[in-house]
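Asks: Okay, here's what each chain looks like letter by letter:
Protein chains: 2
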Amino acid sequence: MVGQSGGPTAVVNASVAGVIAEALNHECVEEVYGSLNGVLGILQEDLIDLASESQQQIRALKHTPGAALGTCRYKLKKQADFDRILEVFKAHNIRYFFYIGGNDSQDTADKISKLAQAQGYELRVIGIPKTIDNDLPTTDHTPGYASTVKYLATTVREMACDNDAMGQGDLVSIVEVMGRSAGWIAAGAALAKRRDHPHDPPHLILLPEIPFNQEKVLEDVRRVLKREKYCMIVVAEGLVDADGNYLAADAATDAFGHATLGGAGDTLGEIISANIPGSKVRIARPGIAQRCASHAASKTDADEAFLVGQAAVKAAIAGETDKMVTLIRGEADHYTVETSLAPLSEIANGIKKLPREWINEDGVSMNFQFLRYAQPLIVGEVALTYDTGVPVFARLDKSRVDKVLPAYEV
Amino acid sequence: MVGQSGGPTAVVNASVAGVIAEALNHECVEEVYGSLNGVLGILQEDLIDLASESQQQIRALKHTPGAALGTCRYKLKKQADFDRILEVFKAHNIRYFFYIGGNDSQDTADKISKLAQAQGYELRVIGIPKTIDNDLPTTDHTPGYASTVKYLATTVREMACDNDAMGQGDLVSIVEVMGRSAGWIAAGAALAKRRDHPHDPPHLILLPEIPFNQEKVLEDVRRVLKREKYCMIVVAEGLVDADGNYLAADAATDAFGHATLGGAGDTLGEIISANIPGSKVRIARPGIAQRCASHAASKTDADEAFLVGQAAVKAAIAGETDKMVTLIRGEADHYTVETSLAPLSEIANGIKKLPREWINEDGVSMNFQFLRYAQPLIVGEVALTYDTGVPVFARLDKSRVDKVLPAYEV
Numbered sequence: 001m002v003g004q005s006g007g008p009t010a011v012v013n014a015s016v017a018g019v020i021a022e023a024l025n026h027e028c029v030e031e032v033y034g035s036l037n038g039v040l041g042i043l044q045e046d047l048i049d050l051a052s053e054s055q056q057q058i059r060a061l062k063h064t065p066g067a068a069l070g071t072c073r074y075k076l077k078k079q080a081d082f083d084r085i086l087e088v089f090k091a092h093n094i095r096y097f098f099y100i101g102g103n104d105s106q107d108t109a110d111k112i113s114k115l116a117q118a119q120g121y122e123l124r125v126i127g128i129p130k131t132i133d134n135d136l137p138t139t140d141h142t143p144g145y146a147s148t149v150k151y152l153a154t155t156v157r158e159m160a161c162d163n164d165a166m167g168q169g170d171l172v173s174i175v176e177v178m179g180r181s182a183g184w185i186a187a188g189a190a191l192a193k194r195r196d197h198p199h200d201p202p203h204l205i206l207l208p209e210i211p212f213n214q215e216k217v218l219e220d221v222r223r224v225l226k227r228e229k230y231c232m233i234v235v236a237e238g239l240v241d242a243d244g245n246y247l248a249a250d251a252a253t254d255a256f257g258h259a260t261l262g263g264a265g266d267t268l269g270e271i272i273s274a275n276i277p278g279s280k281v282r283i284a285r286p287g288i289a290q291r292c293a294s295h296a297a298s299k300t301d302a303d304e305a306f307l308v309g310q311a312a313v314k315a316a317i318a319g320e321t322d323k324m325v326t327l328i329r330g331e332a333d334h335y336t337v338e339t340s341l342a343p344l345s346e347i348a349n350g351i352k353k354l355p356r357e358w359i360n361e362d363g364v365s366m367n368f369q370f371l372r373y374a375q376p377l378i379v380g381e382v383a384l385t386y387d388t389g390v391p392v393f394a395r396l397d398k399s400r401v402d403k404v405l406p407a408y409e410v
Numbered sequence: 001m002v003g004q005s006g007g008p009t010a011v012v013n014a015s016v017a018g019v020i021a022e023a024l025n026h027e028c029v030e031e032v033y034g035s036l037n038g039v040l041g042i043l044q045e046d047l048i049d050l051a052s053e054s055q056q057q058i059r060a061l062k063h064t065p066g067a068a069l070g071t072c073r074y075k076l077k078k079q080a081d082f083d084r085i086l087e088v089f090k091a092h093n094i095r096y097f098f099y100i101g102g103n104d105s106q107d108t109a110d111k112i113s114k115l116a117q118a119q120g121y122e123l124r125v126i127g128i129p130k131t132i133d134n135d136l137p138t139t140d141h142t143p144g145y146a147s148t149v150k151y152l153a154t155t156v157r158e159m160a161c162d163n164d165a166m167g168q169g170d171l172v173s174i175v176e177v178m179g180r181s182a183g184w185i186a187a188g189a190a191l192a193k194r195r196d197h198p199h200d201p202p203h204l205i206l207l208p209e210i211p212f213n214q215e216k217v218l219e220d221v222r223r224v225l226k227r228e229k230y231c232m233i234v235v236a237e238g239l240v241d242a243d244g245n246y247l248a249a250d251a252a253t254d255a256f257g258h259a260t261l262g263g264a265g266d267t268l269g270e271i272i273s274a275n276i277p278g279s280k281v282r283i284a285r286p287g288i289a290q291r292c293a294s295h296a297a298s299k300t301d302a303d304e305a306f307l308v309g310q311a312a313v314k315a316a317i318a319g320e321t322d323k324m325v326t327l328i329r330g331e332a333d334h335y336t337v338e339t340s341l342a343p344l345s346e347i348a349n350g351i352k353k354l355p356r357e358w359i360n361e362d363g364v365s366m367n368f369q370f371l372r373y374a375q376p377l378i379v380g381e382v383a384l385t386y387d388t389g390v391p392v393f394a395r396l397d398k399s400r401v402d403k404v405l406p407a408y409e410v
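As given, the protein sequences belong to chains A and B, one line each in that order. Just so it is clear: in the first sequence, position 349 is 349 by the working numbering, and no numbers are missing. Just so it is clear: in the second sequence, position 90 is 90 by the working numbering, and no numbers are missing.
Source of the hints: derived by calculation from the structure; they are not laboratory data. Please note that a few of the clues may not be correct.
What follows is a list of derived Cβ distance ranges for each label pair [as the list claims (entries may be wrong)]:
no., chain 1, residue 1, chain 2, residue 2, range
1, A, V392, B, T388, 21 to 31 Å
2, A, Y408, B, E361, 42 to 52 Å
3, B, D387, A, R59, 26 to 36 Å
4, B, Q119, A, V392, 54 to 64 Å
Ideal Cβ positions, reconstructed from N, Cα and C, are used throughout, including at glycine.
With these hints in hand, go ahead and build the complete structure from the sequences.
Replies: Below you can see the structure in the form of structure tokens.
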């Protein structure tokens, strides 16, 4: 059984494809099921038969954005939920469970596994890393991150061409990007700069790690506008002030209690307009587009997402459990990567922070350590199939597995 | 002399490349100059020698976004401006002038030509169409439009995969697109739908042509949320209510007196949040990214942008003047296009409206007539050159032509 959880990425379906491809290599695997909408699908016994999907569609999954199995942010709360999951597993003889997701999802997988052990039900649980936030501990990076960063670096470089044509020392171009608690994504926009061209756009990167200081930012903008025709700012949605308050916060919180953010770019734009007379502020907010841009995905990322899916199955069949697949970078000068495993308990709810020493002294740009880390991850372009000018994505049949249990109220 | 004006597009530099390539085929052309920042560069005698650029860079121009010569929204106001332009033309023996732009730019070209004629200075002026707005009369469509639409249709289809995974009958996903007075761009997002799948996203397209009716839109959203897991809305920035007031208007206006817009998506999102309990609203605003996304440009569009540049030079050398190059679609079932010419005076400040009969009765979707019109324009993908994961764009040397006149105060 494989399920997807949390926010989708441009390459999370590649991990599903990797799981299916590898699982069907093993005689001991009788069926490959997908749970619709993560743990919700297990609770409600909404399972699909992935082995019956056409090879064509599974192949297309590798470059299909979103989460083809559906996803959820449902948090298993009560004991009855956990009991129900084991009941469904038992009813369908599920012995391998692969959960693709971020911190919260790995926590869920860990709890399910511990319960199975407590009840003496033989089950191997392997987590598969996925998050554009790149904030999972123990893995060098997480599948999904590089494609978001490649898309944003491409977009920044393209917007720079436009801004360069329009600006006359007055244009302030703001791109608001995702990144709730860590600046990994915003930092990645630095890859739009050419090597050894520190003055290339983005000129200012505002990270959640560096408290927002209005006077300093205004000074930075004025300095850039003196030097350049325009000032391009990449701002993380999770920008906070010195007191830890979000620059723009919405009262709403998601099911895990995280604040849902948005509007840091607008707030910043208002501050700049009000304080720099004559400035022309333009704001772009790619929103969800930045996590599903398969047409601009990193081939390295897509390949690695497939790889971690395969590795999870191999590990489970080799007898591993309660682990998440991790990516380990080789020591060589040229980029290499291999998979390893780390205990789920180490990943669950852990956060990998953007190292402070990878941010330059100016607080608004990234140094060579970050660039050396991030650059290899975005290499390579994927070749999508187009029909009448628009990419064609996988559409699964989603042939339902017969329900054998009474309904369960979520 | 060639100049660029108005907002850049993903393919406007292809037209510059077309002008240069064609001009150098003709013995009668001694020099090929570019004016920096449109007419501003002529006024200030800021001219560059385009023939001295490397062939490599000119070739790369074809897929470089922005406006490589710089652009402007400067409106020639006083007689002294026009006199100065002729003075610069005379000083550098400019006999052919190609101005790439939209309505306002063609108006400027027309006025310059008329003044030259009045003064007996032999000058041939040919306009080259460019605008993502697709609102120039007499031409079937305008270079730049299709690439914006292809990018947005691709983005909508990708976001739909993401929304489909996340939505549970509650998700309202809004994409705010450009389009001040006409809905050409928003309408183009309809190309994200598969043929004969009218229920595919985008579910609602809100056009400036159809006055915003809050009750109807809320009803439409509720209806879609009953049927689908999410409701994707594409809204034009220029959406107006029944009284002609912009849904979200900013006090600022540009140099031509047009209101600068933004925020229709946010306003719409607030209305939906406030009126549909439990709805989760997500807003994307690609902003400038939608007019410079060369990585997702239409090959048809890029080729045609090059073609109109070539055609302009051919026409001028054949003795034509005071015309703009137009694109004429063939009558055949399969898409063909050839260039023609139309008087500048017919284009200047004219507007081609999105035909009302191409919008379905429901007011929020496009019918087969629009799809038949727009679909062929987005066919084909361009192959960019990538270096370390990011596209590489042309960088002109911009070797300055020696100034021979006294400075001029703009």
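Asks: Please name the hints from earlier in the document that this structure breaks, with their numbers sorted from lowest to highest.
Replies: none
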